[in-house]
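Colleague: If you want the building blocks of each chain, they are given just below.
There are 2 protein chains.
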Amino acid sequence: MSALRTAEIIAVGSELLTPHRIDTNSLWLTGRLNDLGIEVRAKAIAGDDHDDLAAIVAAALSRADLVITTGGLGPTDDDVTRDVVSRVLQRPMHENADVVAAIEERFKRRGLKMPGINRRQAQVPEGAVVLNNPHGTAPGLWIDHGQRVVVLFPGPPREMQPMFEAGVAARIEARSPGRRLRRRVLKVNGRSESQVEEIAYPIYSRLGDDAVPVQTTILATPGQIELHLAAAGADVAAIDRRLDDGINALAAALGPVVFSTDGRSLEQVVGDALRTRGWRIAAAESCTGGLLMGRLTEVPGSSAWTIGGVVAYDDEVKRRDLGVPAEMLAEHGAVSEPVAIAMAEGIRGRFAAEIGVGITGIAGPGGGSAAKPVGLVVIAVVTPSAQMVRTLNFPGDRAAVRQHSTAAALDMVRRALDA
Amino acid sequence: MSALRTAEIIAVGSELLTPHRIDTNSLWLTGRLNDLGIEVRAKAIAGDDHDDLAAIVAAALSRADLVITTGGLGPTDDDVTRDVVSRVLQRPMHENADVVAAIEERFKRRGLKMPGINRRQAQVPEGAVVLNNPHGTAPGLWIDHGQRVVVLFPGPPREMQPMFEAGVAARIEARSPGRRLRRRVLKVNGRSESQVEEIAYPIYSRLGDDAVPVQTTILATPGQIELHLAAAGADVAAIDRRLDDGINALAAALGPVVFSTDGRSLEQVVGDALRTRGWRIAAAESCTGGLLMGRLTEVPGSSAWTIGGVVAYDDEVKRRDLGVPAEMLAEHGAVSEPVAIAMAEGIRGRFAAEIGVGITGIAGPGGGSAAKPVGLVVIAVVTPSAQMVRTLNFPGDRAAVRQHSTAAALDMVRRALDA
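Line by line, the protein sequences give chains A and B. Going by my numbering, the first residue of the first sequence is number 1, and it counts up by one from there. Going by my numbering, the first residue of the second sequence is number 1, and it counts up by one from there.
Hint data in this document are derived by calculation from the structure and do not stem from the laboratory.
Each pair of labels, with its calculated beta carbon distance range:
1) 51/A x 127/B: 27 to 35 Å
2) 90/A x 119/B: 45 to 53 Å
3) 126/B x 174/A: 46 to 54 Å
4) 173/B x 105/A: 51 to 59 Å
In silico contact screen, one side only, chain B against chain A (beta carbon under 10 Å); selected entries:
5) 15
6) 17
7) 20
8) 21
9) 22
10) 24
11) 32
12) 39
13) 47
14) 63
15) 185
16) 286
17) 293
18) 297
Where a beta carbon is used, it is the ideal one built from N, C-alpha and C, also for glycine.
Working from the sequences, and respecting the hints, build out all of it.
Modeller: Structure, rendered in structure tokens:
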């Protein structure tokens, strides 16, 4: 059998052609296929029209070694994938007694009788391998078709992913071209996409030219820029060395704005640093309304380093619960460096934390002025030995400003812990 | 010219074939095309391979009245959409002097000379209409091709969306089949997808059978089930009546678990109800770590009804800052109804709010026991006249439990305000 080098992924389901739902299975599948050395050449999304889907499957099969479908394996008339693939491959279907028994057993465990309609899920095209589904009624199918392979997965990720790992990954690996794709991710806070691009470009254009060419992708979300490096080949050790060199060169060029080169999130990096120091953190938040604490407590086990915080949306809370002087609020305004510092000091003292954070700002869309526009955010971090405060101007809408703010605050904490 | 009834959307760009980036342009485009009465029959995602993209464009053109591409209009060799479409349609390209001038002008405004490479963006296939791009260098293209239409958009949403509105919507409308697609959304908290399905199914299976058939879609996220109703036809008033009837029938059958039939989010519904009553809210959060306050303050203008809160991750904070008695914590444990009520009362009294909320639970993955498993969450809501407390068991991982918890808390506040 020839090696599988290229794949196309087809997501089936009319709901994926509405404005509300997106195919995310293909992202996960692409990651796993890349791991196995297979390149995804194209993706498609089809509804439940037989002819459209048949044309799309046939076209994919004319181009790719491996065609994967997700969805459309349910028991109803709208579930067309099995029928269409059987027709395109000209492989008639027969009822498989083992599959019927497995579905009956599944219903029986819940004290139910299998509805007659579910028999459709036991139809198997000639020559297909049945892939068991411990998490649902629809089995998957692996079909060797000449030099090509077609795999049918159910749509729910909790059914599809275990089925891939248990029944498909090893089969693909046995026919992989002996090459592997490896990846590294570098994450930055406090620089724009174009600033990162400008610094990184000379390095990654050089990385692309080598004997082991490295592909780079830049991804930007508010408060975080990611550089993804990927390289494929047979010699995994050589690829890993090459990627490590690339990451190291980029990290050196970008400097301390790099907070992660090992896949950890910013809140994980901060949590690990707090744990190492044996320090605990508390936060006083105004414009971010609890989201900084929300991110800190996203990390499992965060109760070891997170004491808690105060959301001081109202100035009265800033005075009463954080001890920000009324005169300071009157003189400088709530969005000011003295107030941010007083909030950080107030929460640190009150909660007996080693690190206190204060955030105050104007998330918008209302509340801005010429002197203090929407997007203006002041962040203070106070430790046993230091005090930092930054006034920042963030772009974007309310959600973006709040996300930028929590990322900037976490990054200031990271740097304070590094110091 | 014949009417445009069906569309296919093709997103172009190798980055969309990695595990990291997804095509979201097609969701927005689908919504706008549906508004104009056009059904999206399929979607595709292609890289920068000429032959693959040519095959995908040709296939779409054989099926759909309208083929829309996004991306691949940049100035580099990787930007292949223009070339490929010109080849598929057999329309040679010529440099368009107006486009060159517009791009030169754009660079000049930033004090720059147009790089020679950008001339590629001024190549226009014969017979194409140029769509101006006020937000970037790549113009869009509208190409009438027999009875079919091909439209090329740049990839960035901030360039694509204004171009659609300014240059394309009216052109499509002029060739629309005189039918419109209308939508309504009903949102539920506190029921599972299958519970909603069971109650709603007899109603929406009836809705599908009428003279104006209504399509229904159910979407589930932790803490929220949405029923989407859509219907298409020429008589907009009749469709709207039909959809309203459907929404009303579903709302009556589902009862008070329905929190929105007008598109508003749960936090907007709660914010509007607080504003109407003239009440203000404060929250004491443990396992949700600030995320409830984060959701309340997501709504612009929320400072009018949100005072603030305390994140009491550590039990010491529950005692000192919320006044939860140490004996109560020792006797019942932090995750218990008495403690949740004491947290809600504590924050309500301390922050002088009309409504106080207390949340305490086990988000996991650690910290669970046989008596108090991961997913166990207790929520209390205290108002001037009432006190509610619920003990809930949520499924899913840490993020899902926390999202369920904030939704359940907001919904309890909604019901308290309704009472």
